[in-house]
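Dock chains B, C, D and E with the ligands against chain A, hints included.
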Amino acid sequence: MPDQLLFGMEVALNGLMAGVMYALVALGFVLIFKASGIFNYAQGVMALFAAMTLVGIQNGQVPFSYLINAIFGTDIQYFGWQAPALLAILLTVVVMAGFAWLVNRYIFSHLVNQEPIILFMATIGLAYFLEGVADLMWGSEIKKLDVGLPQGINDWIDQTTFEAFGYGFFIDNLDIVATIIAALLVAGLVLFSQYTKQGRALRAVADDHQAALSVGISLNFIWVLVWSIAGFVALVAGIMWGAKSGVQFSLSLIALKALPVLMLGGFTSIPGAIVGGLIIGVGEKLFEFLIGAPFLGGATENWFAYVLALVFLVFRPQGLFGEKIIERV
Amino acid sequence: MPDTQLDAKPDPATEPATEDALLEVNNIEVIYNHVILVLKGVSLSVPKGGITALLGGNGAGKTTTLKAISNLLRSERGDVTKGSILYKGDRIQGLSPADLVERGVIQVMEGRHCFEHLTIEENLLTGAYTRRDGGKATADDLEMVYDYFPRLRERRKSQAGYTSGGEQQMCAIGRAMMARPEMILLDEPSMGLAPQLVEQIFGIVKRLNEEQGVTFLLAEQNTNVALRFAHYGYILESGRIVMDGPAADLRENPDVKEFYLGMSDEGRKSFRDVRSYRRRKRWLS
Amino acid sequence: QLVFPSLSYRTGPYAAGGIPFADGYADYFTLLNERDGGIGGVPTRVIECETGYNTEKGVECYESTKGEGALVYQPLSTGITYQLIPKTAADGIPMHTMGYGRTSAANGEVFNNIFNYPANYWDGASIAINYLLSENDGSLEGKKIALLYHNSAYGKEPIRTLQELSVKHGFELTELPVDHPGQEQKSQWLQIRREQPDYVIMWGWGVMNQVAIQEAANIRYPMDQFIGNWWAGSENDVLPVGDAADGYKALAMHNVGTDFPIFADLEQYVTGAGKAAGNGDQVGTVLYNRGFYAAMLAAEAVKKAQEIHGEPNITPAMMRDGMEALVIDEALMESLGMPNFGPAFTVSCQDHGGSGQGKVQQWDASAKEWKIITDWIESDASVIDPLIAEDSAAYAAENNVDLACQ
Amino acid sequence: MLDTDTITTPDGRTIGGTVMDLRNITLRFGGVEAIKDISFDIREGEIRAIIGPNGAGKSSMLNVISGFYVPQEGEVWYRGKLRPKMKPYEVAQQGIARTFQNIALFEGMSVLDNVMTGRLGHMKTNMLSQAIWWGRAAKEETENRAAVERVIDFLEIQAIRKTPVGRLPYGLKKRVELARALAAEPSLLLLDEPMAGMNVEEKEDMSRFILDVNDEFGTTIALIEHDMGVVMDLSDRVVVMDYGRKIGDGTPDEVRNNQAVIDAYLGVAHD
Amino acid sequence: MLYREAGDFKTSYPADNQTFPIKFDRWGYWVILAFAIFVVPFLVNDYWASSLLVPFLIYAIAALGLNILVGYCGQVSLGTGGFMAVGAYSSYKFMTAFPWMDMFTVTLLSGLVTAAVGALFGLPSLRIKGFYLAVATLAAQFFLVWLFNKVPWFYNYSASGQISAPERSVFGITVTGPNTEAWAQYAFSLVFVIVLAWVARNLTRGTMGRKWMAIRDMDIAAEIIGVNPLRAKLSAFAVSSFFIGVSGALFFTIYLGAVEVGEAFGIQKSFLVLFMVIIGGLGSIFGSFAGAAFLVLLPVVLKLVGVDLLGWPTDIVAHLNLVIVGALIVFFLIVEPHGLAQIWRVTKEKLRLWPFPH
Ligand SMILES: Nc1ncnc2c1ncn2[C@@H]1O[C@H](COP(=O)(O)OP(=O)(O)OP(=O)(O)O)[C@@H](O)[C@H]1O
Ligand SMILES: Nc1ncnc2c1ncn2[C@@H]1O[C@H](COP(=O)(O)OP(=O)(O)OP(=O)(O)O)[C@@H](O)[C@H]1O
Ligand SMILES: [Mg+2]
Ligand SMILES: [Mg+2]
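Residue numbers (this note's numbering), protein chains in the order written: chain A, 1 to 329; chain B, 1 to 285; chain C, 1 to 406; chain D, 1 to 271; chain E, 1 to 358.
Hints are computed from structural coordinates only; laboratory data are not their basis.
Treat the numbers as computed from the prediction; the structure is a model and nothing was measured.
Positions of the beta carbon are idealized from the N, C-alpha and C atoms, including for glycine.
It is possible that some hints are incorrect.
[To be verified] Covered by chain B, per the in silico footprint, the following chain D stretches (three or more residues, Cβ under 8 Å):
#: 1; stretch: 39-47
#: 2; stretch: 68-75
#: 3; stretch: 202-216
#: 4; stretch: 221-232
Just chain A, with the same shape it has in the complex (with noise of 0.2 Å):
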């Protein structure tokens, strides 16, 4: 039936789009990890917090105004002052560079040389930490993320696709957008990482953190740099899922949609974050399509895309990019 086929095309274009979303997510475990071996866990909260930062300073809202309030007895809420969206923007980097120091001199730079399951646990404290954090701070209210960001079905695919098959593609300008700044991201990063020095250095670090600190890598920095990119990136996921969804706790929960993709296109490689989003993206929304709403009842995506990404692993241990596993004695 080419009626069936056309729909599968377009499921399979916005899989692709999905991919894209959660790409964004699954870069910034993929920078952290390349530079230190740690699996980081508090990435989804960071997203969370750097939504909820650029919103609170968009809206001139009161940091822990609500804490204030309860102790002092006061009513302050807002600086009734709106910050324009670019500046926002702005504002939070810094604060998530300022985070990223906090992170490294508080927690990291003690524990160096610590295996990878001790580093992981101390991302979950600090996940811990930040959701608490980020709630007092602005609230746990839902809040609308409006930075201008196109939204709703492009019109232009829709009217071409229409005119060529017969039925119009829904694609959201959103996720345009986001693919747009997902292949931008993904460039950068990937010219950052393989052809400077301290890309070099960040690799360096991940392997042996001893080794490193003896050829003069300071770690601090590398750290300090690396959890603010990720920072960064963060923010950029934070905005894109926040522009869907409004800003709230459940934002914290896209890194879920983000580790299947993570390990399906290697921990450690950036290009593969965005290759292994597309190829669960489109996975599990054709599957979905095909197999998982009309036979199975639906709600099947969760699932498959870690089965997708668990089949790729059984041939391929350490994702499709991933550095080796190096086995040797």
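This is chains B, C, D and E with the ligands only, laid out in the frame that chain A set:
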């Protein structure tokens, strides 16, 4: 006793800095994990432009001493609890290893520690991380390292994790050379190297020392070679310095001869003929 | 003191819904204390306990508050409700699950101390269909209706009812589950776009709602053919979507806005006096009013209990009797300063489900407010009652429940 | 055909027939040919040294013997039988134990536990019995503990029995590794640079242990070592490798005077 | 001077091998055990049982199980929630299909079913390692939850997909259902905890445990010295899942009495148990208990202090709770990366040396 607090200008009255001592370790104590006392008051001084050897059996504390100097100890949950370490008269205990490299002190760690996932060449290039003298100089030095270790040139595109033990050792030493340091702390450079290469490496050490004035502090089990190339030696046992002296003197010391050089009065014994396991060292009695 | 535990959630994934409800619930009792000195002269006390919508914390909250003389529980979570049904039965404390929880608890013979008046999920499903029937001149024959639901116990509740109704009215039902939390609904909405159902009914909660409304706007699905249940019809769900949400409809089990005399009192005694719960900025929102309404029903039940037992300091058991004898009519609501706030209904030993009526509200994006667009709509008892009987009988059999009301 | 005759070494020791025969082994990693068509054998009860410059393929050879690398070409004959494709643990169960060049101890466990892992092949109680720690399991544990204690005594590491191996200095780790291999009571013991990082005194001790194992239990030993003194003194026969090729094979004296070996490896003739 | 091994000589290998080599510890252990068995049941009320003790005990079992897998065998798993669900749903099916079956049997059978499922999902561990494996186990987590949500047979076709535990008893004492006495709930869980902790201890100190630890510390070396990695890993998955299955069953039958799979056994549960294991200490039985206690009790204590004592608004307390728990996790890690168990060990080591510092 002075504490570990960082203060740049030591009190000259209590800590006399020898004119030509590049590095001075004064009576340090090291504790791991807050409980395990490993170094019990180690003092040594490394003259500028010299090769100083640190000798001693397994677990004597050689590695620990070197790590205390290069400040890598912190990342092993070890602490210098007493004493001071001076480099060019400055206290360096509070500095990060990276700062030290910038100041010209670099350590080649025991057990190679190459970056597994990086290629040999990338490994060498990370050695030049702190350098600011441009790509040309780095490229030249890379060539120099390859000239010293032709084997590395052959394997330059291989991931370090997949090279043989000896190749990794060369890589680690080459990497440190890339930093153009003033002082290299070498931890067991000969370990796992073929005899020819051991000679070569010490030859390189000597050349670097003579031609470029690099100062060396090397911890070494291969006493024979070490004492041949070093100017001065310290012998460390269970966290204490038990003997020190110019290398030539140490070579003649009967104990050193027996325990470290494997010579008895009749010349070298065969490993087959060693019969008793436990002998007493005179300095312990 | 009359103790009313409030198992609230001001944190976690559903905080946005939990906050206004908890505020409204607390503010009503504060109002009673401030204005009337309590109920029947006995001051009230609300013990708030944070559950984060998490069943384990729910249990902890229940256990830690039940000893304080708790009169009635209002857990605001279907999961916690299921948890507490056997526990409250054993402890003899009534529970009020207003428009959520276990639907068959409407059968008071089996669920003797669980109350879910004024309406339950199955009523909701039926109300939605009845509304659509009225829109389509009484016939849905051949129409396509999609149900977009939260893939959990809560979201699955209306399925049986809608299936029965689809047989009865001849419409075609498509079920579209959305997994928690529901931030990614591309597949579902592409399917809606392909199949172009005439109506989409949504059983959502939390972030799922605004994502769905956003996606509906993205594919230009006509908003007035998109109807949420009463947990998918608050300001939280539509505000983030902005103007595109204009025209979205939702069920309502009570009235919206602050246009009632009682809100003047509230301003005077509570919010104005700085005694409001939370930030105090939720007054008049849909979920605030729901919490407020729930508190009002609880307070009226207390009055009833005091009246029946002639004892101002009532026990949970008396509270249960009060709830079972509750009569809410227009005159009463009028006297409370809440005219036409909710439906009129009476509770009996057999029937804990209330009138089963609801309204339909519609979002006006330019005014940023919900507008009620219908009068009270009845649910289809002929379909629902047998379902309730069946489900409660199964529960009774499984748990050896002795029927009450004999 | 396997050689079952015994031969006598120049210093008067008798060694038995062939235990392991490696025939035309070639091992490649992508483009790198680590071992090129090498054949040699190991005889019952001998100490067989493998020497060669760094990267010659010595460790790879050991890995082939212990089944960790599967050569692309060539055959491994063990005790008269062509060895089929085997997993490393199956090879270990045939009585081949080894130590590693880069110490491969179980860092999270105590010395005692590490050495006990050497006995895994000797411990057979099922999981249920272990779970209730009654009868068989407890008894077996005690018996094997006794065997392990003998090895510990033998290697003089009693004092560090309960220390986590992560904390040990390099040389002691090597010794613990040897203990683990010995605990398995292997018939063929493979040692990869057992004396790297030791001073002469410790090398003497280590030599003593190796000779005693060889003498007392008749264990066949294949050993890689860079210290020519040790190799020449201990071994009965020596294989020399360079760039994956075999460039010499014979008694220490033969090898020492082989010009190819001198050029490729020794540099100067060792006396 | 109390805390010494001096004078406490071991004359046989079994004696040297015992769990608590130091007399003082041994005594402490027996006292605590006696207190838990003979005193606590007479003191507990509903609140203590359902809010603190029972969840603590049940999570301790799950943590023990996961610790076997992660701490001893080194296979990081995030499928715990899913496996607990298997335990819970099997116990539900056993209870409803065979109403005569006693609860001990039901719980053990549920554990066995989970063990089988766990071993099945453990298969990829042969190829996949480290964090890749951790993420891969999420496939099990999501798939199992989806399955129990989707297939009505598992929840006996009830309208909403919730399952509720009917009343069952052991030796005439009701242990499930609303009419259970607090002490019965507690005692029933305690029996499992004691037995399983003992089993875990036995397994980890013997051959099995050494195989697991060898795989954990260096799987290649382990294989070369003769450990069959397939059997070691799968046995770890099976044993671990058995524990987790038992805890899942108890979680449903004894503790909550009614569960909905997505809510009770979602991904959060997987993380929670993993946190317990890591905070408590990987590869430590004591650590499993310490971790479970930390994450079950601390939030309650903080809540009590914040809300009941200080009278702060519940939401601020809830947020602060997150902040404090997070900060404490980080703090402990910095003080001692190997968990509460290690802090405890080091303290003891210091105590042994006391009053001489080194
Ligand atoms: N991270 C650590 N934690 C605890 N103890 C340690 C640690 N590192 C080393 N030690 C202990 O410190 C002592 C000295 O070790 P060190 O590595 O300095 O010896 P070494 O002289 O370098 O020996 P080798 O020649 O074997 O390398 C040893 O007894 C060792 O057990
Ligand atoms: N798994 C592998 N993948 C790729 N190359 C490998 C691998 N293992 C070994 N090699 C290469 O094969 C060659 C031989 O290595 P091997 O480790 O056997 O050397 P070796 O003789 O033991 O040297 P050394 O004395 O330095 O330990 C080296 O060049 C090494 O880089
Ligand atoms: Mg050392
Ligand atoms: Mg080698």
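Fill in: Coverage of the stretch 221-232 of chain D by chain B, judged on three or more residues with CB within 8 Å
Since 5 is at least three, the answer is holds.
Worksheet item: Within the stretch 39-47 of chain D, is the number of residues with a Cβ closer than 8 Å to a Cβ of chain B three or more?
Response: It is violated: at least three residues are needed, and the stretch 39-47 of chain D offers just 0 whose Cβ sits closer than 8 Å to chain B.
Fill in: Proximity test - 8 Å, beta-carbon atoms, the stretch 68-75 of chain D to chain B, at least three hits
violated (count 0)
Discussion item. Under 8 Å between beta-carbons, do enough residues of the stretch 202-216 of chain D, three at least, approach chain B for the coverage claim to hold?
Written reply: It holds: at least three residues are needed, and the stretch 202-216 of chain D offers 7 whose Cβ sits within less than 8 Å of chain B.
Checked against the numbered hints given earlier, the structure breaks hints 1 and 2 and satisfies all the rest.
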